[in-house]
Amino acid sequence: MKSLINTFLLALLIGVTVTAQNGYKVGDTAADFSLKGVDGNMHSLADMKDAKGYIVTFTCNHCPYAIMYEDRLISIQNEFEPKGYQVVAINPNDPEVKPEDSFDNMVIRAEEKKFNFPYLIDDGQKVYPVYGATKTPHVFLLDNKLEVKYIGAIDDNARSADDVEERYLANAINALESGTNPNPSTTKAIGCGIKSK
Amino acid sequence: MKKYFLIFFFSFTTGLSFSQVKVYEKYDEMESELLTNLSPDTTYVINFWATWCRPCIKELPYFEELNALYEGQAFKQILVSLDDPKKLESKVIPFLKKNKIESNVVLLADGKANSWIDKVESSWSGAIPITLILRGNEKNFYEKEFHSTFELEEEMLLLFNN
Chain W
1 MKSLINTFLL ALLIGVTVTA QNGYKVGDTA ADFSLKGVDG NMHSLADMKD AKGYIVTFTC
61 NHCPYAIMYE DRLISIQNEF EPKGYQVVAI NPNDPEVKPE DSFDNMVIRA EEKKFNFPYL
121 IDDGQKVYPV YGATKTPHVF LLDNKLEVKY IGAIDDNARS ADDVEERYLA NAINALESGT
181 NPNPSTTKAI GCGIKSK
Chain D
198 MKKYFLIFFF SFTTGLSFSQ VKVYEKYDEM ESELLTNLSP DTTYVINFWA TWCRPCIKEL
258 PYFEELNALY EGQAFKQILV SLDDPKKLES KVIPFLKKNK IESNVVLLAD GKANSWIDKV
318 ESSWSGAIPI TLILRGNEKN FYEKEFHSTF ELEEEMLLLF NN
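Here the protein sequences come in this chain order: W and D.
Going by the working numbering, the first sequence opens with residue 1, and the numbers climb by one from there.
Going by the working numbering, the second sequence opens with residue 198, and the numbers climb by one from there.
Same shape as in the complex, but just chain D (with noise of 0.2 Å):
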């Protein structure tokens, strides 16, 4: 009974450390602030997904495990949702406390995805899940949905050991 009460309470704390979810209106503005100088050490994960996707949500929580694996390592992630962004309040926040994720997640609210699909990468035919794992100029693309943290872990670490 205690241990449950501890998990409860420690799942209640984790759950006020949440942070905000910046929106991105142009994609360009996104793509200048987080995609660009990246630091050439770096491993970047760029995962996009949305809350009604279910592949991308099945997929979360290894994304989510590796943030927790390499945590303050040269490693960064960040989850953009494609979710619409007057739903931010009513259904992404609140299924990010749901699941307890604490990676970095923006939103991109661009509806014009023919101007910058290509951008993220030319091959992508659109569909979600994506994911970029990048490093320098190095640049791998995925556009299908992974099945293990381990599975997801042995991607970065093609980049990261390098």
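Pulled out of the complex, with its shape left as it was, chain W reads as follows (with noise of 0.2 Å):
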């Protein structure tokens, strides 16, 4: 009996780590969530009503790549909320393998950066496996149905906006404004892995 048991186990654990390898991949309909944010409240996508598209980016206060871009996100906000595109900020790490992710922390950033989207914690890390997650920043942009249309990296240079050639994120959001697929679709970064125990 026992081990009949340990075999369900395994097939359990096998189970999820499959799904947490796989994520999504673009055309999949995303999973909405509820997630605790940095004002305090609990914050879902079916909150963010009349919304045309949802900007899910993972992202935390710690990671280098992360840091370069919260400016960026702060101007992809300005540019696209007023035309229905939210960007809502996740953090997916584990704070006590990184205590600078605490949700205090996240707190402290949001309001030296002044954040204005939701920066939410993933509370038990249960979402970023779901999206298939794998560093940070890394963006999954959906369209209203929640239809999985772009995932990737936010522009072509990391380190420099200056040198940026082309913005994979804004011209993915002004694809689907026009009514077409994003391309490219999907794009890679280097970024930190997602820190869990």
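No lab work stands behind these hints, which were simulated from the structure alone.
It is possible that some hints are incorrect.
Which bits of chain D does chain W cover? Going by a derived footprint, with three or more residues having C-beta under 8 Å, they are [to be verified]:
#1 246-253
#2 303-313
#3 317-323
No more than 30 Å apart at the CA atoms, straight line, and that leaves these computed lysine-lysine pairs for DSS-like [as the list claims (entries may be wrong)]:
#4 K98/W / K288/D
#5 K309/D / K25/W
#6 K145/W / K49/W
#7 K98/W / K294/D
#8 K49/W / K36/W
Keep in mind that this is a model prediction, so the values were computed, not measured.
Beta carbons: idealized from backbone N, C-alpha and C, even for Gly.
With the hints as a guide, bring the two chains together.
Set out below in structure tokens:
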């Protein structure tokens, strides 16, 4: 009996691992979530009524690549929120592994940078594996039906905003706005691996 | 006391023997110089890391130890730093000195990561650390953190002993 339970647990574990590795691909429908934001309230995509799209961005406090993109994420929100596209930032890291990414430090960072978008904590780390986020920053652009339209980087030059040649995310949102599919629909960038125990 | 003095003296001298870090502005430059025309009998261990990446720093001693163990054999190791090139003098070199890293370290400054991540390995998500172990036409890719020299050496030996 015990071995049967073990087998079951193992199967469960494998199942979970496989899901975690796969994550979403462009065309999949993303799951909504309910996560606590730095304002103390719970947020979900369904709350953002009339949104034409959601810019779900896994990011954090400590990662230099996430920090490089803070100002650009604020600009994206300034540029696209009036058109109906909402940045939703989620910190996926386990604060016990990375204390800089604790909820209290998120509140401090959001205040310092005057984040103009919700900054949520993936408490218990249940959301990022479902999306298949592997690093910070890692963007998933969803349309109003939560269909994944674009996955990847914000633009083509992390180190220098001045030397950006292709604004992947902005182009992808503009594609959505004009009723076409983003091209490229996936890109890659260097980032910090998501911290978990 | 004498022992401590010797340790101190030793670490001081090895610190001095530390070599320079070559900076590559473009990935293609680095690829053609370090990753092409590889000797078919040599096992290459390439690790991508950065001083700000904690798991990278945690596994670095294992790479350093592997290098010490196999130096002079058909083995070559390159540690590719993805640090900000502006922080080479202020952060990377002091880090290498402090941790007595003797392995070959280069810095890849190419910010256009989407253009080169797939050239390194198409299954790489972009998170670091990663390690490539190459020999001849064989290539093993690890998007993970190693937890001991033994674990790393075992993977290296898969190709080394071939």
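Okay, the hints, checked on the actual structure:
{"no.": "1", "hint": "246-253", "verdict": "holds (count 5)"}
{"no.": "2", "hint": "303-313", "verdict": "holds (count 6)"}
{"no.": "3", "hint": "317-323", "verdict": "holds (count 3)"}
{"no.": "4", "hint": "K98/W / K288/D", "verdict": "holds, 21 Å"}
{"no.": "5", "hint": "K309/D / K25/W", "verdict": "holds, 23 Å"}
{"no.": "6", "hint": "K145/W / K49/W", "verdict": "holds, 12 Å"}
{"no.": "7", "hint": "K98/W / K294/D", "verdict": "holds, 25 Å"}
{"no.": "8", "hint": "K49/W / K36/W", "verdict": "holds, 18 Å"}
Consistency with the previously given hints is maintained throughout, with no hint failing.
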